[in-house]
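Chains as they are written, first to last, in numbering that gives the first Met the number 0: chain A, 0 to 282; chain B, 0 to 588.
Simulated from the structure, these hints should not be mistaken for laboratory data.
Among these hints, one or two may not hold up.
[Stated by the list, open to error] For the chain B half of the interface with chain A, some residues (derived, Cβ under 10 Å), not all of them: (1) L132; (2) S206; (3) E214; (4) D247; (5) G294; (6) H439.
[What the hints assert, rightly or not] Derived DEER-like restraints, expressed as beta-carbon distance ranges: (7) B:D417 / A:E207: 52 to 60 Å; (8) A:Q127 / B:A454: 20 to 28 Å; (9) A:E207 / B:K416: 54 to 62 Å; (10) A:E207 / B:P421: 48 to 56 Å; (11) A:R106 / B:P232: 31 to 39 Å.
All C-beta atoms in this analysis are idealised placements derived from N, C-alpha and C, irrespective of residue type, glycine included.
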Amino acid sequence: MSLKELDTGVQNTWCPGCGNFGIINAMKQAIIQLGVPRERIVAVSGIGCHGKITDYLRVNGLHGIHGRVLPAATGVKLANHGLTVIGHAGDGDAFNIGLGHFAHAARRNLPVAYIIHDNMIYGLTTGQTSPTSGQGFKTKTTPRGAFEVPINPLTQALTAGASFVARGFAGEPKHLVELFKQAMTHKGFAIVDVLQPCVTFNRVNTYEFYRQRVYKLEDGGHDAGSFEAAYRKAQEWGDRIPIGVFFREERPTYVEAFPALGDGPLAVRELNPDIGRLIDEFR
Amino acid sequence: MRKMTCVGLGDDTVSILIGGEAGQGITRSGSLLGTALMRGGLSVFGTNEYPSLIRGGHNYYLLRASGREVYSQDSHVELVVALNKETALIHQGELVPGGGMIIDEESQLTEGELSRDDVKIYTVPLTAMVKRLGGPEIMRNTVALGSVLAIVGFDSTILKDVIAGTFRGRQELIETNRKAVDLGYDYCKEHYEGFGCRLVDGEGTPSRIMPTGDEALALGAVQSGCRFYAAYPMTPASPILDYMAAHDAETGMVVIQTESEIAAINMVVGAGYAGLRAMTATSGGGFSLMVEGLGLAGMTETPVVINVGQRPGPSTGLATNTAQGDPLFAIHASQGEFPRIVVAPGDVEECFYLTMEAFNLAERFQVPVIMLTDKYLAESHRSVEPFDAGRVPIDRGKLTLVERWEGEEYGRYRITKDCVSPRLLPGTLNVVVQGNSNEHDELGYSTSSPGPVVAMMDKRLGKGRFMENHVASLRPVRVIGGEDAEVSLFGWGSTKGPAREALMLLSESGVKARFVQIVYLEPFPAEDVRIELARGSANILFENNATAQLGELIRLHTGYRFDHVGLRYDGRPFNPSDIRDGVMEVLRR
């Protein structure tokens, strides 16, 4: 498979330099390197700049509604668990309107890779605050600076029970490809929070900002098998910002919760229902 | 052969009311008794009323049996089984003269508290006998059921068999319950004569079933090949979730209790997109949360089935009562314009067969289908012929299940003559399948160009005409009663049962009446309704809501305005006698 085969040819409307380009390119590379046929992949996206990825990435796509990426992805995955399902969500999508679903997908260990396009700003609605915006961050809706403590995607994920927790940076494409590959092959719920500069509306969290701060966890001998170590690292934010795999564990996935899925994917089967015995219960 | 017999005090039916506190297993006892009567050859209808709490508070189950088909409760009761004092006091007024009441010796009713001197009181030491048996307090119900059978003359072996079936595999429980039946039965045989009312089982009676509307709907979904059910608990739809969860291994269905109704509808859309027949059920409050997801199904042309079990609103309203307050909401829910189907079953059989139709329609037209039921229909039992699983064959419309697509370039939203696009599933080799909540082109990619936007709107809405034609073949308007009727009752959904009973009452009063049931509310069968309105009879509308919403719908589509409207919106279903009285009042004018 070539990069071109993963391109829909639809005109791209992301701003030049948008961090989304780093994400879609890394995603294409990951798909190619894993060798998964594009027909076997479903990308589910929400609403916001990130959501357009289903227009540009030539895999099956379900561009749903705001905040509901994970429930839709749950339906797709359980209907046909032979498919590789990748959820794409923005920080608003994932941590404002869709925060409730996030915790439940994590505790279910839904085998879906969940890629957060985290630019810490509302881009498509032209510059309002986001749940991951830093305190004091000034936007159209926070003229005195954001009051709220930002949501930390990683500690949220760890607390909720995500079995793969990672952070990437859109300006570190090779590193990001590796994270995506691991997330897509992880058996369970895998979140990758991607630091994604918004070149139009976020003048704080720029490429330069991140380049000066990010370092790779794997360079420092971090133990991704330790929840405590992961939680400690997940709280690190300031002059130094860790990226990489924070936490990973193996445990049964949500697919194993359903006797119906024991014999393979349901969607491709012919329907041959028989309620004969069920009727007898009412006699 | 012994013949089945039913002698009531007012008519050819016998009504038994079992009442007590919530948590005393009232509904369970009612359905056990109903099943026993059904096995003895009687037709039964059973409905419950309970408050929204788990312990305490008044609860009752009203069972009506007859040798003829019985379609609903009525307001009179032959026998009250009072498991507590409150039941005796609240329900004594509903007893017909000459009726009976079973009370627990320990119910602490004092002299003079019961105002009725024209009913027979059967004092039975229910609590004492259970104590002697060493059973839990709830077993008083079983003793009481044994007492009922002795008083009306029904074979207690049948009840014991029903109990054995219910508690299959739990031998000790079965034995204690059998003994409890015998204790109640023998006590009453020894101490009491019967009263005027008789229920006698017959031999060799045909085998029937006694599901609730919810259970029939669940069975219909299973037989439709529904393999994905996601829902959030909400009265009166929770029993469907319970049923599906209890049978998931056997039915091969993925059943999920979701974190919210929003999650449920979006999961169902995801599963539908990926090719499963998928369903959710809720009540009005949950449906309100689902509305954006309903629009997603409409925009992505994803087949889904949504059951809305109505209860009185707005907001939490009367959480455990019944209403028909949501038809216009169901028809109009969501921003924007897209085709949908709204169907309203009127009885247990229709809950089964229309669910099967609903799944077919959803896939045939690639639209969301909403099934409107209500608490009264959802939770009431009725004895019916076992469902004919082959009556509605599965029709998956333009879905092609292939491993590899070899045809021309695939577009999920291809414009076709009948406005329905060929459907392939994600995973099919050689294609990618797009579902898009944004306006999109034929391939499914977002567009805002005026040309494709209009083409896609026209394609979706163009299905309407084909849906109308198809629905016209499904008997969207059903009439009970002859064309020579002088009165036509119009209604929809669960008013069907009481209306059918009312037709019999009216006939006894010398009034020829018929019931016109609107089954499909969207697309609206305007032509059929117009014909029924113009039969020359007096037309009266009955609805379980305060604003006559079917009346509004009929006015919208036909211009007809009802002069006579009977509305009930206290959270309770119509009684047949209410409907009869309403009709008689109109005729007297």
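Here is what the structure says about each hint:
no. : hint                        : result
1   : L132                        : 28 Å, violated
2   : S206                        : 6 Å, holds
3   : E214                        : 7 Å, holds
4   : D247                        : 6 Å, holds
5   : G294                        : 8 Å, holds
6   : H439                        : 8 Å, holds
7   : B:D417 / A:E207: 52 to 60 Å : 57 Å, holds
8   : A:Q127 / B:A454: 20 to 28 Å : 34 Å, violated
9   : A:E207 / B:K416: 54 to 62 Å : 57 Å, holds
10  : A:E207 / B:P421: 48 to 56 Å : 50 Å, holds
11  : A:R106 / B:P232: 31 to 39 Å : 18 Å, violated
When the structure is compared with the earlier hints, violations turn up for hints 1, 8 and 11 and for no others.
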